[in-house]
Each structure stands twice: as structure tokens, then as C-alpha cells.
Amino acid sequence: MRLPIPAKAHPVQTEQIILFRVSGQLFAVSSASVQEVRSVDTLAGAAKEIAQAGLRKVRHIVQRGEHALYVVNGAMHFGLPPFAPALVFVLRRTRTALLVDGIEKMTTMTRLQALPQAFCNDERDWYRGVTAIDQTVVPVVKPEGFLTPDELFLLDSSLQPKESPTEIAARESALGGLLPQTDIIDDSSASFPQ
Amino acid sequence: MSTQTDSESFVLLRLAERRFAVAAVDIAELVAPSRVFRFPHQTKEIEGVILRRGRIVPVCDVAARLIGKNLLSRRFYLIAQRRYTTGTEWIALPVTGDCELIFAEMIPASEADLPHVSGWLSHDGDVIEVLNLTALTPGPTTATLVVPADAVQQEALS
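Top to bottom, those sequences are chains A and B.
Heads up: the first sequence runs through residues 0 to 193, numbered per numbering that gives the first Met the number 0.
Heads up: the second sequence runs through residues 0 to 157, numbered per numbering that gives the first Met the number 0.
Please note that the accuracy of each hint is not assured.
[To be verified] Here are the simulated lysine to aspartate or glutamate pairs, EDC-like style, with alpha carbons at most 20 Å apart:
#1 A:56 <-> A:149
#2 B:43 <-> A:143
#3 B:43 <-> A:122
#4 A:56 <-> A:143
#5 B:43 <-> B:60
#6 B:68 <-> B:123
#7 B:43 <-> A:121
Derived by calculation from the structure, the hints in this document are not laboratory data.
From a predicted model like this one, the values you see are computed outputs, not experimental measurements.
Kindly generate the complete structure, drawing on both the sequences and the hints.
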């Protein structure tokens, strides 16, 4: 008698993830997306405050070679209560350094379910999907979702050196009035969507 | 003579003192309340998700929209199929009482009816709204529907 050949099991695709907390809320991020984990203390000396960021969730910048990393307050990003962050995740292939409470554990995710379509607002940009770990549902964050292109543009613009009125007057004087007169629109009170 | 073949089947659900109907073909099951997992999001109609048969099902309390107040207590979750342009997904609707399967003839909604009303039926002396879940529960507009490719891929492989 010949026994049936057992069907070859398909290997389950798994992914290493880091479970972390922001304001007590549990999230997951792919380990491959985290380039570096630092304590807030070790980053404090290297961080520079942004004078006029225009984004409440970003108050500091860390210069890394030619690139500037924006330090995103995770609680403000997700609309959670304020917290005292202990760690910073430097997220790979982004310009985001994310402030978090701490790491819960590292584990393996075997199934990532797409975010149900009933969720139809900004959270679609925040999460890659959701997964069930130990009978708990955890959203899996999208590293590039912490700062939208518009927000990055706003932050980059805020870092451009601004001329003082004296410098502007000096430059115009040096040009000897060769430039045509134009109306100056004061948009200093303009607000940007957050 | 009218027979059941002329009728459609509906599930009657109760929200506080009022009853509503959903086409039975749209109902997956009726389950006891279980833990609702909450995480940050910005879709105010969704209060969280439950785990059911390995699926992550959003919980949508439709009471505020239908009876003008949120439910203080809930007896069951009616798991319904919500249609989207790309397919159907389960959605859990909290209800306050038993549900009942009935056969009835539906009178289609008129233009004067609210978008979440797909029709009306008469049962036990009551006139009952038949709910259009697509209009009642949140979902993406076609332009905003983005399902991450990796999520779909991993779900298919698991």
C-alpha cells in the first residue's frame, strides 16, 4: 500500500518586530525599519531645538552627516496623552527619530492583516496593518507615516536661514534700486495644517 | 397567493427601544461581546476592533446615528458583511437585544429617505427601517482606498 505523499507545507512568511509603547499604548514596528535605538539622554546633547517648527509634534532636530533627522513625539503624532519618553528609534530610510516610552519586547509576526477599510482617515497613512500577538491586537506602524511630504517640506522650510530686516535693506541698497518694486505680502500669520 | 418565495429574509436587531433590519444575506453571525482592542485612529465611528475566528473586525456603534445616543450596554455583536469597491469585510455592530430572522417584503426607499435607509418593511405592527450598511458605516472613498501591498501579500501567504 502506498501512502499519499504529504502536501508540502508552504513556509510561513514571518517578520521580526519590536513591540513598543507610546503613552502606554502598544505598537509594533518591523525590526528592519529601526536603524538605531538610543536612550533620550544620549541624544540630548546632539539635538537642537527648532525655533519655529510649525509642527507641534516636532521640536528638535538631530544632524546626522548631511542629513537632518526630525525628532517626532509619538504621543503627539497619535493624539495620545503626554509622556516622558525614554528611547528614540532612528527609523531607517526616513528622516524620523521617534520618541517612545520603551520597548516591550521583540517577537515574530506571522500574519499582517491589512487595516480594515472601515478605518478611512489618517490612520491609513500611520499603519501598515494590524497583527495579533498573544491574543492582543497591535497596530504595525509605517515608518514613513510619521512625517508626510508636506510636513517635511514645512520643517525643511523652517530651517532655511532667514534674513533680518537690516540684511534685507542692506541687500536692496547694494542692488541700487535696480529691482522693480513689488508688493510685500506679510504671511507671517499663515497657519499650516497639522 | 403570497408565499415566502416573494419575500426576502431579514435580521431584526434592537438598539434600545427601536428595531432595525438588515438583509440576512449580509449577516455573518451573532456573537457575545468580547474584548475590544483600541488603538489610535481618526475614524470616530469606529471604537476599536475585536478578534473573531482569526480575523480582526472593526466595531462600529451605529446607535448614535440611528437613535441619537450611544449604547450604554450591549448584549451581542452582529457581525455583518460590509461591501467595499474591492470586496467585502466583516464589521461588528453592537446591539442591545436578541436578533430575529424574519421573512418580509421590503418597500424600497424613496429619494426622501436618508442614505442609510435602503427600504422599509412591516412586521408585528411596526414599520422598520432596512439599513444600508454601506451608507451607515465608514469606508474609504475610491480615491483614498490604499491597501498596503505587503499587508495583502503577507495575509495571502499566512
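Against the structure, the hints:
no.	hint	result
1	A:56 <-> A:149	14 Å, holds
2	B:43 <-> A:143	24 Å, violated
3	B:43 <-> A:122	11 Å, holds
4	A:56 <-> A:143	15 Å, holds
5	B:43 <-> B:60	10 Å, holds
6	B:68 <-> B:123	25 Å, violated
7	B:43 <-> A:121	12 Å, holds
Violation of the numbered hints given earlier is confined to hints 2 and 6; the remaining hints are satisfied by the structure.
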